[in-house]
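Peer 1: The listed protein sequences correspond, in order, to chains A and B. Quick note on the numbering used here: the first sequence kicks off at 1 and runs consecutively. Quick note on the numbering used here: the second sequence kicks off at 1001 and runs consecutively.
Because the hints were derived from the structure by calculation, they are not lab data. We put the beta carbon where it would ideally sit given N, CA and C, even for glycine. Wrong hints could be hidden among the right ones.
[What the hints assert, rightly or not] Listed next, the in silico SDA-like pairs over lysine to any residue satisfying Cα-Cα at most 25 Å (straight line):
(1) K219/A x K1063/B
(2) K226/A x K1063/B
(3) K1077/B x S270/A
(4) K219/A x L233/A
(5) K219/A x V208/A
(6) K1194/B x K219/A
(7) K1063/B x L233/A
(8) K226/A x G253/A
(9) K1055/B x G1069/B
(10) K1055/B x L155/A
(11) K226/A x F293/A
[To be verified] Over 10 Å on every C-beta distance to chain B, these chain A residues come out as not near it, computed from the model:
(12) G28
(13) I100
(14) W181
(15) L189
[Stated by the list, open to error] Label-pair restraints from in silico Cβ distances:
(16) G201/A x G1045/B: 36 to 46 Å
(17) F1240/B x R271/A: 14 to 24 Å
(18) L30/A x T1187/B: 19 to 29 Å
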Amino acid sequence: MEASGARMRLGRNRAPVSERTRSERRLGWLLCAPAVIAMLLVTAYPIGYAVVLSLQDVDLRFPEEGGFVGLDNYVAVLTSELWWTDLLNTVFIMVVTVAIELVLGMLIALVMYRAIFGRGLVRTVVLIPYGIVTVVAAFAWFYAFNPDTGFVNNLPLIGDETSWFGERFSAFAVIILAEVWKTTPFMALLLLAGLTTIDSGLYEAARVDGANAWQRFWKITLPLMKPAILVALLFRTLDAFRVFDTIFIMTRGAQDTESVSILGFSQLISRLNLGLGSAVSVLIFLCVLLIAFVFVRWFGVRMAEGRPGA
Amino acid sequence: MERGTREYALWSIGIVLIVFVALLPVVWIVSLSLKEPSTITTGPGISVWDAFFPKEITFDNYKSLFEGGIDDSPFIKPLINSVLIALITTLISIVLASFAAYAIARLNFPGKSAILAGALAIAMFPPISTVGPLFDMWRTLGLYDTYPGLIIPYLTFSLPLAIYTLVAFFREIPWDLEQAAQVDGATPFQAFRKVIVPLAAPGVFTAAILVFIFCWNDFLFAISLTSSDASRTVPAALAFFTGESQFTQPVGSIAAAAVIVTIPIIVFVLIFQRRIVAGLTAGAVKG
């Protein structure tokens, strides 16, 4: 992509563009136009409209009221304790989930890459959590931990009466478990792709020089995988920040387990307060931008190396 | 020799653990769906084994899902909605994305890296940010609780995913073969049909599977932009399942419905494992 970009810049300086180049450009734009227009219509337009709504007093329960209120909705959200609690919850779930996933994902990637046997089996099996509907996974874990229907409380060493969803941090534990189970495979597959790009000759050389497995991992695997790790972290972090389905099924935000997406949903759809809800939505959007910015600036993640699919 | 055995044992433990943890919730939800409604309740004093597995296997939970036919069953209409909405979205996204991906992979024109970067940015977009405006617009436009009302927002994630996967695959295609075929006397259409289509088909198919899985999975748009079985998909319908009375939880029915929507995913995974892994990792790291 860089090479073609350079060529394009050179091409712009060369005065008359040949007819062939011009028709190629026209065809390129023509073929991309439908997809680009569709993507702009379904994202840029609604987010612009969300900004407009967030500056107004729009409450569908009281349609006669309304009008431009400036930044009042933002002030209301940012001065409410609920927003900050929910933001903290979301960041907590995001950080813990992604940290556990990175370690587990790396281990699974190593198994998929290095195991002497059963690699195909592992690759097939890890795709099941990846593909399963999040709501289904959330119900499965919810019923497993729910004292009335589950089996977890019947395990040895776990109190028979433990009410997992009755207390904040035990509820977080189950939410995080379900999220980690569902999304570690994606992390593992991205890391596996990074692993396969490492030249195996390096390991041979290190072995000859007397490096043990631990040293080989820290001195060769990790440094060479840094780009793949950062890209996987970026995608999973942004995805974890949007956490909604699992919390909705398990607690609906009870016991102070609400995430910012749940807050946005309850303002918009349950309370029909489009003004306040849109302010929450725009703030969530800004948080996502901020996270992406931090990754690109501080960690030097090259977006061109990333991919969607989390 | 000793080191070999130890390594063998270590890998075995790792593999067994991964397989066990990955399958546990799936086996659990199947087991739950086969329990007699009266035996679903567990509690203290029961062994794990008895709490996990059904005492007697029954298919009543599945039967109850389909009782009453299409009009009264809480499940049939959402299942049809899920299948149709996911298929239509996949079809639209793959067609639009194929054009764009072909252009990006094969033609030279200014702005193509911007299009790819834009698609990537849109893929990371938080869906909750568009839910409010869409809810408002759809109610005015009459798209609330309709198929297009869900298909259009699904394009936010399906188009970037499809474009990215297809570009990665199309870059690998040896396009020169098309010209070679024409030199050998094939018409442009023959060259396209006999040479390019077979080379591109696996990538297109892989992208289609990934997009379908994503649409099948959506919950946020589905609960926000629908209000009835007219367009509600299964994940949203599950959240609104009710028991026979307000005091009974429809655990068995939810479990049975959950198993049914998981079957297509398991089938995809078992048949197309290699393709899905290739699709997910294609373009993830520059080789």
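Peer 1: Any Cβ of chain B at or closer than 10 Å to W181/A, or is the non-interface label fine?
Peer 2: Since the minimum Cβ distance to chain B is about 7 Å, W181/A lies within 10 Å and the statement is violated.
Peer 1: Given the hint that K219/A pairs with L233/A, test it: the Cα-Cα distance must not exceed 25 Å.
Peer 2: Distance ~20 Å between K219/A and L233/A Cα, so the pair holds.
Peer 1: Would the pair K226/A and K1063/B pass a check requiring their Cα atoms to be no farther apart than 25 Å?
Peer 2: Outside the cut-off at roughly 52 Å; violated.
Peer 1: Would the pair K1055/B and G1069/B pass a check requiring their Cα atoms to be no farther apart than 25 Å?
Peer 2: 29 Å, violated
Peer 1: Between G201/A and G1045/B, does the C-beta distance stay in 36 to 46 Å?
Peer 2: 60 Å, violated
Peer 1: 19 to 29 Å was suggested as the range; check whether the CB atoms of L30/A and T1187/B agree with it.
Peer 2: 23 Å, holds
Peer 1: Is the straight-line distance between the alpha-carbon of K219/A and that of V208/A 25 Å or less?
Peer 2: Roughly 15 Å separates the two Cα atoms, so the pair holds.
Peer 1: Please work out if K226/A and F293/A have their alpha carbons no farther apart than 25 Å.
Peer 2: Distance ~18 Å between K226/A and F293/A Cα, so the pair holds.
Peer 1: Sort out whether K1063/B lies within 25 Å of K219/A, counting only the CA atoms.
Peer 2: 58 Å, violated
Peer 1: Hey, K1194/B versus K219/A, does the alpha-carbon distance stay inside 25 Å?
Peer 2: 49 Å, violated
Peer 1: Are the Cα positions of K226/A and G253/A separated by 25 Å at most?
Peer 2: It is violated: about 36 Å lies between the C-alpha atoms, which goes past 25 Å.
Peer 1: Examine each Cβ of chain B, and state whether all of them lie more than 10 Å from the Cβ of G28/A.
Peer 2: Per Cβ check, G28/A is inside 10 Å of chain B; nearest 3 Å; violated.
Of the numbered hints given earlier, the model fails hints 1, 2, 6, 7, 8, 9, 12, 14, 15 and 16; all others are met.
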